[in-house]
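Asks: So you can see what is in the structure, the chains are spelled out below.
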Amino acid sequence: MGSSVFVGIQRILVAFDASPHAEHAVDVALSMAADMKAKLFIVSVIRPPEPAESAEFNAVLEDGRERYERCFAPIRERARQKEIELETDIVLGHPAEQIIHKAETIQASIIVMGKRSHTLLHRWMLGSNTERVLKYAHCPVMIVH
Amino acid sequence: MTNTWALSALWVGLALAATLLAIWFKISTALSEIVVGTVAQLVIGLFLAQGGLLGNTQWISFLAGTGAIVLTFLAGAELDPAIFRTKWREALVIGLAGFFGPFLGCTAIAHYLLHWSIMSSWLCGVALSTTSVAVVYAVMLELGFNVTEYGKSILAACFINDLGTVIALGLIFSPFTIKTLIFVVVSVVVFAVLPFITPWFFRKYGGRVSEIEAKYILFLLFAMGGLAVWAGSEAVLPAYLIGMVLAGTVGKDHTLIRRLRTLTFGLLTPFYFIRAGSFVSVPALIAAPATMLILFLAKSLTKAIAVYPAVRVHRYEGDSGTYYTLMMSTGLTFGTISALFGLNHQIITQAQYSYLVGTVIASAVIPTVIANSFFLPRHLLPQALASRKPEPAVQRPMAAEEV
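Residue numbers (our numbering), protein chains in the order written: chain A, 1 to 145; chain B, 1001 to 1403.
Note that these hints are calculated values from the structure, not bench results. A couple of the hints might just be wrong.
Simulated restraints on C-beta separations [to be verified]: (1) A:Glu66 <-> B:Trp1059: 33 to 41 Å; (2) A:Met142 <-> B:His1254: 48 to 56 Å; (3) A:Asp27 <-> B:Arg1258: 28 to 36 Å; (4) A:Ser19 <-> B:Gly1266: 19 to 27 Å; (5) A:His145 <-> B:Ile1305: 50 to 58 Å.
No residue lacks a Cβ here, since even glycine has one placed at the ideal position from N, Cα and C.
Using the sequences and the hints, build the whole thing.
Replies: Structural data, given as structure tokens:
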């Protein structure tokens, strides 16, 4: 991939869900950010169970925050070594909606996401976050396989 | 004699299956367990063994009852006393409206339209008067309202709403005797001294491997629950109140709350929710689906009619007011607790229980299904964008403490 394709990219948003695909997306985004001297944003979304029930909801929230903070620590270190400006955020809600909202808020030049494979039933019941982000995002979306 | 370990394996196996379904479909474990309980009872009862899941076995009833009590305690312990102190007036108005609207409205509809007996109708009113603090809180976190004054008052209102439900459940169906008086007096004394004794006790003896804090909480819940039942009331009433009075002390002890959650989700609530689901009669639901529809509409409309004006009176304008009103129409835990109380005490029949639990589930599921089926990123809608406040979606370190 040549850098010329990505001329003008200043803000890269990575949607991170702690999966191996998302880890790979972070790798790619870190390389891109280093090449293009772009600022890197990572957003992780905690999806509450529906309908939320008090004790379970709070447990999911706390667990999600701790898990993502643990994941962010080594990424921050890698970004520091590459002298990349990095900002992380943990939000709650529907993943696609929150990723799109974050991209607009920071005026992202590109969104980088890992590709997750779902079963047909899962896609039918819940839809694919990737498809939704592709459909509604204001900026280019890169899907990392 | 029933093989206890085989029965345990069956129930825990169902809990495991329910949890997997909850993970796959991103639904709450409680909802999944209720549905699994209903289906398992139907299938096992029809094809494998008479009596199905044997939900009335004594040890299952005990574990399920303990699950309901601890879950109610945890719900009460999530109250933020600071919010309550500053926003109590608004919270009281909106919370009482949220309780009395559906409580009286659904009671009337059950009695006059569905021709339920007066006691069954009261029970119906109680079961459908609930709200879900968690659902409202989740939406607020998503939209960033959790840090606004309005958001805080709505959360406090949800606690008042559920407090109304729990008090109604605990007092309406119990005969007022000298026992009731003793229960009330002892409760007042216990609730008054607990916020002082508990922190002192934990400081002096807590932090050991023997988990004395958990034993202390369980002792309190069982003792006050026992007193409540002796007085003809319901054990979840003192559990919720103990949670509320200890919210400022025990509720902030994250380690203890986590241990209680492990105990609750790992062992107790699966028995409670699967058991609650196992008593739902699918044939009854199929025979009279209109009853459930009427109750669902009754709950949604009475809640909206009562809450919306109360919200507007407190100067909250725009679409979000409507949205929160709808959000306040959910309430899985207290709804099923109330319905199960009615069934256990023969206040309602199994068919009526099935309609109530079906309605409680429908009121929790239907908005979710609609949102998932016709999804549009909410913030892209101009109206929603206009009514959105400028706060960030989640105040990261703070929100964890606010929960």
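Asks: Decide, hint by hint, whether the structure agrees.
Replies: Cross-check of the supplied hints:
no. : hint                               : verdict
1   : A:Glu66 <-> B:Trp1059: 33 to 41 Å  : 35 Å, holds
2   : A:Met142 <-> B:His1254: 48 to 56 Å : 38 Å, violated
3   : A:Asp27 <-> B:Arg1258: 28 to 36 Å  : 33 Å, holds
4   : A:Ser19 <-> B:Gly1266: 19 to 27 Å  : 25 Å, holds
5   : A:His145 <-> B:Ile1305: 50 to 58 Å : 52 Å, holds
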